[in-house]
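> Sequence:
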Amino acid sequence: MYQILTDSCCDVPYQVLKELSVDFISMFINVNGQELVDDLGEHFDINGFYQEIAEGALPTTSQVNVGRYTEFFTQYAAKDIPILYICFSSGLSGSYQSALQAVEIVKEDFPQAEIHVFDSLAASGGEGLMVYEAAKMQQAGMALADLLEWLEANRLTYQHWVTVNDLNHLQRGGRISKTSAAIGGLMNIKPIIDVDPQGKLRTLEKIRGRKKALQHIADKIVENTGDPKDQVIFIHASGDNEGAEEVKRLIEAQMQPKAIEIFPLGPTIASHTGLGCVVAFTRGPVRQ
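Per this note's numbering, residue 28 is the first one in the sequence shown, and the count goes up by one each step.
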């Protein structure tokens with residue numbers, strides 16, 4: 028048996044990961060001088076966090092350091108349990124490199140340890156959907172080597188379709204210029220964002236109006252989903268459950284997937300998107 032690990036950037040509630048026997052390492056968020064642990068909802072008050080952003084808080088995040096990864100991996104290496112860690116995209120964080128460094132440190136004490144650090148090249152529910160499907164395949168009896176081969180072959184089939192309501196947060200993170208944020212706000216522009224093959228965010232289109240942006244996301248999910256009857260779709264939102272439900276309704280009006288799950292957008296990602304972000308994830312063609 029092997030252990031699947033991930034991090035809290037997957038934005039899958041801790042109850043779901045527990046049911047899948049997946050362990051995770053938490054990211055830290057700093058809000059108004061207070062350091063908070065993203066534990067995927069076990070204790071973290073996500074609605075309270077959204078409220079602080081609404082009141083003007085500008086949270087910051089920090090990647091997992093080498094020391095914490097070393098401790099995380101050692102608890103399994105010491106028991107001779109093979110590890111598959113599905114990591115937040117290297118295109119968005121240095122955590123992947125820190126994890127690789129931690130593996131080398133762990134192997135100094137446990138040279139026979141089998142530790143695989145897999146770069147998801149995905150974020151939020153894209154990473155989460157990958158973890159979810161990997162865990163389901165493990166439960167069905169797939170061997171670790173076969174699962175790694177499957178993940179390598181399918182890594183770029185995980186689709187991310189994102190829109191945000193607050194351009195100022197994108198501007199603060201360097202995604203768009205201050206001028207673009209100001210003009211976009213005045214013109215009610217809602218960017219459509221995805222994740223490129225390098226695991227980085229990119230703006231694909233600019234849609235005028237929230238309603239049209241949500242429709243566009245739903246259309247892209249329908250267009251980029253493989254066989255619907257076999258596909259689970261994740262939808263995440265930061266403080267806009269109505270928007271998430273609307274995207275779900277628009278998808279179901281066009282196709283009937285195996286399931287559609289709606290989860291909160293976690294604090295690590297929401298710190299960079301602000302409130303009103305709605306993002307949908309599926310698996311289909313290879314990202315280009």
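Please keep in mind that the hints were generated in silico from the structure rather than gathered at the bench.
None of these values were measured; they are calculated from a predicted model.
It is possible that part of the hints are untrue.
What the hints assert, rightly or not - DSSO-like, lysine-lysine: derived pairs with alpha carbons at most 30 angstroms apart: (1) K227 x K239; (2) K239 x K256; (3) K163 x K233; (4) K256 x K45; (5) K45 x K227; (6) K285 x K238; (7) K256 x K134; (8) K285 x K256; (9) K275 x K233; (10) K227 x K238; (11) K45 x K163; (12) K238 x K163; (13) K275 x K239; (14) K163 x K239; (15) K238 x K275.
> So, for every hint listed, does it hold in this structure?
Do the hints match the structure? See the list:
As the CA atoms of K227 and K239 are separated by approximately 24 angstroms, the hinted pair is consistent with the 30 angstroms bound. Among the hinted pairs, K239 with K256 is consistent with the structure: their alpha-carbon atoms are about 26 angstroms apart, no more than 30 angstroms. Proximity of K163 to K233 is assessed by CA-CA distance (about 36 angstroms); at most 30 angstroms being required, the pair is judged violated. Distance restraint check for K256 and K45: the Cα-Cα separation of roughly 25 angstroms lies within the 30 angstroms cut-off, and the hinted pair is therefore satisfied.
Our distance criterion of 30 angstroms between C-alpha atoms is met by K45 and K227, whose separation comes to about 29 angstroms. A distance of roughly 25 angstroms separates the Cα atoms of K285 and K238; the hinted pair therefore holds under the 30 angstroms criterion. The straight-line distance between the Cα atoms of K256 and K134 is roughly 43 angstroms, outside the 30 angstroms bound, and the hint therefore fails. A C-alpha spacing of about 5 angstroms is found between K285 and K256, which places the hinted pair at or below 30 angstroms, so the restraint holds.
Of the supplied pair hints, the one linking K275 and K233 holds, its CA atoms being roughly 21 angstroms apart against a limit of 30 angstroms. The hinted pair formed by K227 and K238 meets the criterion: a straight-line CA distance of about 26 angstroms does not exceed 30 angstroms. A threshold of 30 angstroms between alpha carbons decides the hint, and for K45 with K163 the separation of about 13 angstroms falls inside it, so the pair holds. Between the alpha carbons of K238 and K163 the distance comes to roughly 35 angstroms, so the proposed pair goes past 30 angstroms and is violated.
Of the pairs offered as hints, the one joining K275 and K239 holds, with about 14 angstroms between alpha carbons and a cut-off of 30 angstroms not exceeded. A threshold of 30 angstroms between alpha carbons decides the hint, and for K163 with K239 the separation of about 35 angstroms lies outside it, so the pair is violated. Our distance criterion of 30 angstroms between C-alpha atoms is met by K238 and K275, whose separation comes to about 13 angstroms.
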